[in-house]
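Spelled out from the first residue to the last, the chains are:
Number of protein chains: 2
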Amino acid sequence: MFEKLNQAWGDTIMGTALQVPTVVNGVNVDNLFTTIDAIKSTPAIAKFKFRIQNRWEGAAQNRSAVNEFHGAGQECSRQKSFVLHADEPAVLLGKDSAANPVEYLLHALAACLTTSMVYHAAARGIQIEEVESSFEGDIDLHGFLDLDPKVRNGYQGIRVNFKLKADVPEEQLREIVKLGTGHSPVFDSLTNGVPVSDTAERL
Amino acid sequence: MFEKLNQAWGDTIMGTALQVPTVVNGVNVDNLFTTIDAIKSTPAIAKFKFRIQNRWEGAAQNRSAVNEFHGAGQECSRQKSFVLHADEPAVLLGKDSAANPVEYLLHALAACLTTSMVYHAAARGIQIEEVESSFEGDIDLHGFLDLDPKVRNGYQGIRVNFKLKADVPEEQLREIVKLGTGHSPVFDSLTNGVPVSDTAERL
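From first to last, the protein sequence lines are chains S and H. When you line the first sequence up against my numbering, it's residues 2 to 204, in that order. When you line the second sequence up against my numbering, it's residues 2 to 204, in that order.
One chain only, chain S, in its complex shape (with noise of 0.2 angstroms):
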């Protein structure tokens, strides 16, 4: 398993570059290649599972630690957790001490769209040189507070602008954008929808 790893992800997982790579928007374009190959011959590393546990600190303030995964056939594991905060603004009865967790998915949104817009560029071979994008989504706290059972508690809608400068013809800059909409785990997750299950226990 673990030669297939190798091959797949070459000297990103070995840490010794074997050849000089191809790099297309700071990409190793080889490497992404090896793992599509190394996908066709073994699905099974295709399978990946993201988690995160959270701790509540009270009121709206609550905490994520971001480590473990599964993927490419292993469990993988960070040196050090990433640690995320939330909060909510005074006017939503926090202490606006870091983001909330709505402002928090437009971030995982326009993450996701720019990495995988970026990357399928790069398999491409179309070169962008900066990426700017500006998100905003409508809220309606009739939702949230039970005042309006035709008002939903979610966005209600999201808006994307990107700017982008690449050396390419106009036209081809809505298509750019496509590479990241057409294949965007997050945007895909929440344009159609996930099943979340839930279980809850005692502490």
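None of these hints come from the bench; they were simulated from the model. Computed from a prediction, not measured in an experiment: that's the story for all the values here. Hints may contain errors.
The list treats identical chains as one, so a pair stands whether inside a single copy or across any two.
[Stated by the list, open to error] Below, a list of computed lysine-lysine pairs in the DSS-like style, where the Cα atoms sit at most 27 angstroms apart:
1) Lys-96 <-> Lys-164
2) Lys-96 <-> Lys-41
3) Lys-50 <-> Lys-179
4) Lys-151 <-> Lys-50
5) Lys-166 <-> Lys-41
6) Lys-96 <-> Lys-151
7) Lys-179 <-> Lys-41
8) Lys-179 <-> Lys-81
9) Lys-96 <-> Lys-48
10) Lys-179 <-> Lys-151
11) Lys-151 <-> Lys-48
12) Lys-96 <-> Lys-166
13) Lys-166 <-> Lys-179
14) Lys-164 <-> Lys-179
With chain S held as given, fit chain H onto it using these hints.
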């Protein structure tokens, strides 16, 4: 308008305690009910717009700034932006300098379920002592890598486990968790889907 806001959010905004507030789970329940009354009399103040701006930093790295939002009838801003970084682990061709987008999505869900649960429990006078939760979601890269059109790009499913410390009967633990799933904006967004529109322009 500003007077209405002060009525609505009381001493949270004014910074002056006019009376000893009722605090449950760290949440000022007086302010929560005053907010609800204010929205009943001025429905427009319930409409919020949340925003982020993101900038690509090469390969899988990008960074969001979180600051201004619209809510309670006015533009609101923080003194300093919250900055959220994203990357991918080496096995996904990144430098593993930050949580990845689909891990941020789990954090958004965890944070929102926890806060929604705690707020709505507080409104009902249910005291919660501790909350811990864990989240796991499945992604098959056959989707993202265009290797199988039957495999979706996003999460195929997410499993949530809540552990609560509260002086309530066993059967009420699930009801408390349902206060989260039944009201959380991120849970609704993610399970039912959100329309996302996008535009592209030259930087």
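Copy assignment of Lys-164 with Lys-179, given that the CA separation must stay at most 27 angstroms: within (13 angstroms within a copy, 40 angstroms between copies)
Within, between, both or neither, where Lys-151 and Lys-48 count as close if Cα-Cα is 27 angstroms or less: Result: close only across copies, 14 angstroms inter versus 38 angstroms intra.
Homomeric proximity label, Lys-96 with Lys-151: Cα distance no greater than 27 angstroms: neither (30 angstroms within a copy, 45 angstroms between copies)
Within, between, both or neither: Lys-96, Lys-41 at alpha-carbon 27 angstroms: This pair counts as between: shortest inter-copy Cα distance 25 angstroms, intra-copy 49 angstroms.
Homomeric proximity label, Lys-179 with Lys-41: Cα distance no greater than 27 angstroms: within (25 angstroms within a copy, 41 angstroms between copies)
Up to 27 angstroms CA-CA - Lys-179 versus Lys-50, copy category: both (26 angstroms within a copy, 25 angstroms between copies)
Alpha-carbon proximity between Lys-96 and Lys-166, which holds within one copy, between copies, both or neither at 27 angstroms: between (38 angstroms within a copy, 23 angstroms between copies)
27 angstroms Cα threshold - placement of Lys-164 relative to Lys-96: Classified as between: cross-chain Cα gap 24 angstroms, same-chain 33 angstroms, threshold 27 angstroms.
Intra- versus inter-copy proximity for Lys-151 and Lys-179 (alpha-carbon distance at most 27 angstroms): Between copies only: 19 angstroms across, 32 angstroms inside.
Up to 27 angstroms CA-CA - Lys-81 versus Lys-179, copy category: Result: close neither inside a copy nor across copies, 35 angstroms intra and 33 angstroms inter.
Within, between, both or neither, where Lys-151 and Lys-50 count as close if Cα-Cα is 27 angstroms or less: Answer is between: at 19 angstroms across copies they meet the 27 angstroms cutoff, but 35 angstroms inside does not.
Within, between, both or neither, where Lys-166 and Lys-179 count as close if Cα-Cα is 27 angstroms or less: within (16 angstroms within a copy, 46 angstroms between copies)
Comparing the model with each earlier hint shows violations of hints 5, 6, 8; every other hint is respected.
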